[in-house]
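Protein chains in written order, with the numbering used here: chain H, 31 to 377; chain B, 31 to 377.
Think of the hints as simulated: they come from the structure by calculation, not from any bench. Fair warning: there could be bad hints in the mix.
Identical copies go unnamed one by one, so any copy, or any two together, can satisfy a pair.
What the hints assert, rightly or not - Cut-off 27 Å, straight-line C-alpha distance, at most; resulting in silico cross-link-like pairs (DSS-like, lysine-lysine): (1) LYS362 - LYS55; (2) LYS73 - LYS251; (3) LYS251 - LYS97; (4) LYS239 - LYS51; (5) LYS251 - LYS333; (6) LYS298 - LYS274; (7) LYS305 - LYS97; (8) LYS307 - LYS97; (9) LYS55 - LYS76; (10) LYS87 - LYS97; (11) LYS362 - LYS97; (12) LYS305 - LYS179; (13) LYS51 - LYS219; (14) LYS298 - LYS288; (15) LYS51 - LYS251; (16) LYS333 - LYS87; (17) LYS76 - LYS231; (18) LYS307 - LYS179; (19) LYS76 - LYS87; (20) LYS242 - LYS76; (21) LYS307 - LYS120; (22) LYS231 - LYS97; (23) LYS120 - LYS305; (24) LYS242 - LYS51; (25) LYS179 - LYS239; (26) LYS307 - LYS280; (27) LYS157 - LYS219.
All values reported here derive from a predicted model rather than from experimental measurement.
Read off the chains here:
Protein chains: 2
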Amino acid sequence: LRATATKPDQKSEGLGFDSHKAVDKAPDTLCRDGTANTAMRAKFEKMLREAQDYICKSVENVDGGAKFQTDAWTREGGGGGISRVLTGGKVWEKAGCNLSVVYGSMPSEALQAANDRLKFGATDRAKGYAPGERVPFFACGLSSVMHPKNPHCPTMHFNYRYFETEGGVWWFGGGTDITPAYLNVDDMKYFHGTYKEVCDKHDPEFYPKFKKWADEYFFIKHRGETRGLGGIFFDDLNDRDPEKIFEFAKECAMNVPKAYLPIVEAHKNDPFTQKEKEWQLMRRGRYVEFNLVYDRGTIFGLKTGGRIESILMSLPETARWEYDHRPEPGSKEAEVLEVFRNPRDWV
Amino acid sequence: LRATATKPDQKSEGLGFDSHKAVDKAPDTLCRDGTANTAMRAKFEKMLREAQDYICKSVENVDGGAKFQTDAWTREGGGGGISRVLTGGKVWEKAGCNLSVVYGSMPSEALQAANDRLKFGATDRAKGYAPGERVPFFACGLSSVMHPKNPHCPTMHFNYRYFETEGGVWWFGGGTDITPAYLNVDDMKYFHGTYKEVCDKHDPEFYPKFKKWADEYFFIKHRGETRGLGGIFFDDLNDRDPEKIFEFAKECAMNVPKAYLPIVEAHKNDPFTQKEKEWQLMRRGRYVEFNLVYDRGTIFGLKTGGRIESILMSLPETARWEYDHRPEPGSKEAEVLEVFRNPRDWV
Numbered sequence: 031l032r033a034t035a036t037k038p039d040q041k042s043e044g045l046g047f048d049s050h051k052a053v054d055k056a057p058d059t060l061c062r063d064g065t066a067n068t069a070m071r072a073k074f075e076k077m078l079r080e081a082q083d084y085i086c087k088s089v090e091n092v093d094g095g096a097k098f099q100t101d102a103w104t105r106e107g108g109g110g111g112i113s114r115v116l117t118g119g120k121v122w123e124k125a126g127c128n129l130s131v132v133y134g135s136m137p138s139e140a141l142q143a144a145n146d147r148l149k150f151g152a153t154d155r156a157k158g159y160a161p162g163e164r165v166p167f168f169a170c171g172l173s174s175v176m177h178p179k180n181p182h183c184p185t186m187h188f189n190y191r192y193f194e195t196e197g198g199v200w201w202f203g204g205g206t207d208i209t210p211a212y213l214n215v216d217d218m219k220y221f222h223g224t225y226k227e228v229c230d231k232h233d234p235e236f237y238p239k240f241k242k243w244a245d246e247y248f249f250i251k252h253r254g255e256t257r258g259l260g261g262i263f264f265d266d267l268n269d270r271d272p273e274k275i276f277e278f279a280k281e282c283a284m285n286v287p288k289a290y291l292p293i294v295e296a297h298k299n300d301p302f303t304q305k306e307k308e309w310q311l312m313r314r315g316r317y318v319e320f321n322l323v324y325d326r327g328t329i330f331g332l333k334t335g336g337r338i339e340s341i342l343m344s345l346p347e348t349a350r351w352e353y354d355h356r357p358e359p360g361s362k363e364a365e366v367l368e369v370f371r372n373p374r375d376w377v
Numbered sequence: 031l032r033a034t035a036t037k038p039d040q041k042s043e044g045l046g047f048d049s050h051k052a053v054d055k056a057p058d059t060l061c062r063d064g065t066a067n068t069a070m071r072a073k074f075e076k077m078l079r080e081a082q083d084y085i086c087k088s089v090e091n092v093d094g095g096a097k098f099q100t101d102a103w104t105r106e107g108g109g110g111g112i113s114r115v116l117t118g119g120k121v122w123e124k125a126g127c128n129l130s131v132v133y134g135s136m137p138s139e140a141l142q143a144a145n146d147r148l149k150f151g152a153t154d155r156a157k158g159y160a161p162g163e164r165v166p167f168f169a170c171g172l173s174s175v176m177h178p179k180n181p182h183c184p185t186m187h188f189n190y191r192y193f194e195t196e197g198g199v200w201w202f203g204g205g206t207d208i209t210p211a212y213l214n215v216d217d218m219k220y221f222h223g224t225y226k227e228v229c230d231k232h233d234p235e236f237y238p239k240f241k242k243w244a245d246e247y248f249f250i251k252h253r254g255e256t257r258g259l260g261g262i263f264f265d266d267l268n269d270r271d272p273e274k275i276f277e278f279a280k281e282c283a284m285n286v287p288k289a290y291l292p293i294v295e296a297h298k299n300d301p302f303t304q305k306e307k308e309w310q311l312m313r314r315g316r317y318v319e320f321n322l323v324y325d326r327g328t329i330f331g332l333k334t335g336g337r338i339e340s341i342l343m344s345l346p347e348t349a350r351w352e353y354d355h356r357p358e359p360g361s362k363e364a365e366v367l368e369v370f371r372n373p374r375d376w377v
């Protein structure tokens, strides 16, 4: 554990820097006492911590080289986080898995704007608050991006989160998605199949709905391309017993290693060319474009004064932009680009 | 000149793709006939074309390797552009210099939101239009970013533009700024001194005002750092005879080679270490963060359906993000970071 608060150059590092205090060890819970109107806050945090341990351990085992470095911090007024980042691994160039607990407030319009309610539900997130009023909220999430070195190993992202407003509105959100640089149909069938199985146990409508949602969400509008080859994504989920949604979110998080790591194992030693490496780096450039321009979690983090290094751990160690690059027709690069432009069903 | 419209994979490349038609050679003017209420539109475009020719030629001379590649296009309904990009040079990894002429419309609020009027002027950009109404506008600009290979050679950006609304409001904007990875005080004195001289010929208030504006504008809020070491930046300039502002903008554009190229000449063969290269790439990561999250021109381009490859030519060919990187106290990296955090006066 590194103590980050005492470092002299941190003063102006972020909007909310002064509210981040490094601690040697995170307290057993980052939730404040006595403020929850449900026991779900602490329960969800505990589950995410277990998932974080399990996923980081599983990734370390596959990497066989580097270990995750841990930074823990608390925030004035409650909340905090545990960031875990692995860099310079044998298999992964950069892999992050961050827990965060936020007590904040947002203008009611901003809270509503992030809501896909017209398409996928009807949560009135700002219920009880007038336009222009700030809505105090609680949020707890585990967020991860893992960028492998080998261009034949896909990048993976997941995020599972629980929100409550002080107005008593609650919802779950999350998803796991995969971003290969090259198309491997069997791998995609396996990854999507694993999540379809998880979804189907809870609701047969989940997978088709959440798969579509991922394709729509992870879309780089200005490119007309998806970021990767999808997975599942959901938000504002509160249409049933929260205990049932909790179980679903838990199973989604706990299945990250099963859905992702066998694909990495299978390709971590694949030979590759300089051209393939450069294509991977260009796709990482697209990853950066999506995250900085569109990603809800990144924008939420920047706006709420989150810990910048934790928020931007999602960016790859290296990325590339070539002017007006177009893959050769018939190439492997053109093949996968076609699928980024026209999302496909895998299972 | 490359014909870009006939390429089969362009269909879904951008929001506004269908409105971009590649042409072998740009027409003599990209302004529509008969719509201008001043002759300034065509005059400004002509000046920018001359500046583009002069600057690109000057850069090619210093590079001594690669040449600029030209893509020209027109848009339905008027307007178009000429993009020039040099890649894989001896000195520059990527250098772009793009002319664009846009006939578009924006919601009056969005047009006003981009206006720093509270701080620097009082232009009512949406004059004559009600809230919620779209304001038709004309914009013509030359925009450039040049990323050299050697970490001791700074990146340079400039943009000069002229706006008119159909409501008869007009203004000029622009600036030139420099982004080194390492501090060289003499170089900064030279660069800023050159622009101070240009400014002083037109108005002794320009340089101090526009230097400060650049420091405030090129600020990465979530990092608490400036993108680089500034220069000049102005917008909504319409407080005097437009012919006088035209002359000022022209002189600013024509002085880009004089202000920038001697610095590159002086350092293009400086020896450097792997560590210095990596630091340069991390500063380029910050460049990407600024451009995708805050830059007015980038956001304007993405929102108005501009040609994506032209807008994003500003991104470096390569960039790097290391988790929680902190320079060693007393190092050259710490020295320049201190100035990014506390902008300095150079002349």
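Hints and how they fare:
no. : hint            : verdict
1   : LYS362 - LYS55  : neither (47 Å within a copy, 33 Å between copies)
2   : LYS73 - LYS251  : neither (37 Å within a copy, 35 Å between copies)
3   : LYS251 - LYS97  : neither (36 Å within a copy, 32 Å between copies)
4   : LYS239 - LYS51  : neither (40 Å within a copy, 38 Å between copies)
5   : LYS251 - LYS333 : both (22 Å within a copy, 10 Å between copies)
6   : LYS298 - LYS274 : neither (37 Å within a copy, 63 Å between copies)
7   : LYS305 - LYS97  : between (29 Å within a copy, 23 Å between copies)
8   : LYS307 - LYS97  : both (24 Å within a copy, 26 Å between copies)
9   : LYS55 - LYS76   : within (15 Å within a copy, 64 Å between copies)
10  : LYS87 - LYS97   : within (9 Å within a copy, 51 Å between copies)
11  : LYS362 - LYS97  : neither (33 Å within a copy, 30 Å between copies)
12  : LYS305 - LYS179 : both (14 Å within a copy, 20 Å between copies)
13  : LYS51 - LYS219  : neither (44 Å within a copy, 39 Å between copies)
14  : LYS298 - LYS288 : within (16 Å within a copy, 50 Å between copies)
15  : LYS51 - LYS251  : between (37 Å within a copy, 20 Å between copies)
16  : LYS333 - LYS87  : neither (31 Å within a copy, 43 Å between copies)
17  : LYS76 - LYS231  : within (23 Å within a copy, 66 Å between copies)
18  : LYS307 - LYS179 : both (9 Å within a copy, 20 Å between copies)
19  : LYS76 - LYS87   : within (17 Å within a copy, 62 Å between copies)
20  : LYS242 - LYS76  : neither (30 Å within a copy, 49 Å between copies)
21  : LYS307 - LYS120 : both (16 Å within a copy, 22 Å between copies)
22  : LYS231 - LYS97  : neither (34 Å within a copy, 60 Å between copies)
23  : LYS120 - LYS305 : both (21 Å within a copy, 21 Å between copies)
24  : LYS242 - LYS51  : neither (40 Å within a copy, 33 Å between copies)
25  : LYS179 - LYS239 : neither (32 Å within a copy, 47 Å between copies)
26  : LYS307 - LYS280 : neither (35 Å within a copy, 43 Å between copies)
27  : LYS157 - LYS219 : neither (40 Å within a copy, 56 Å between copies)
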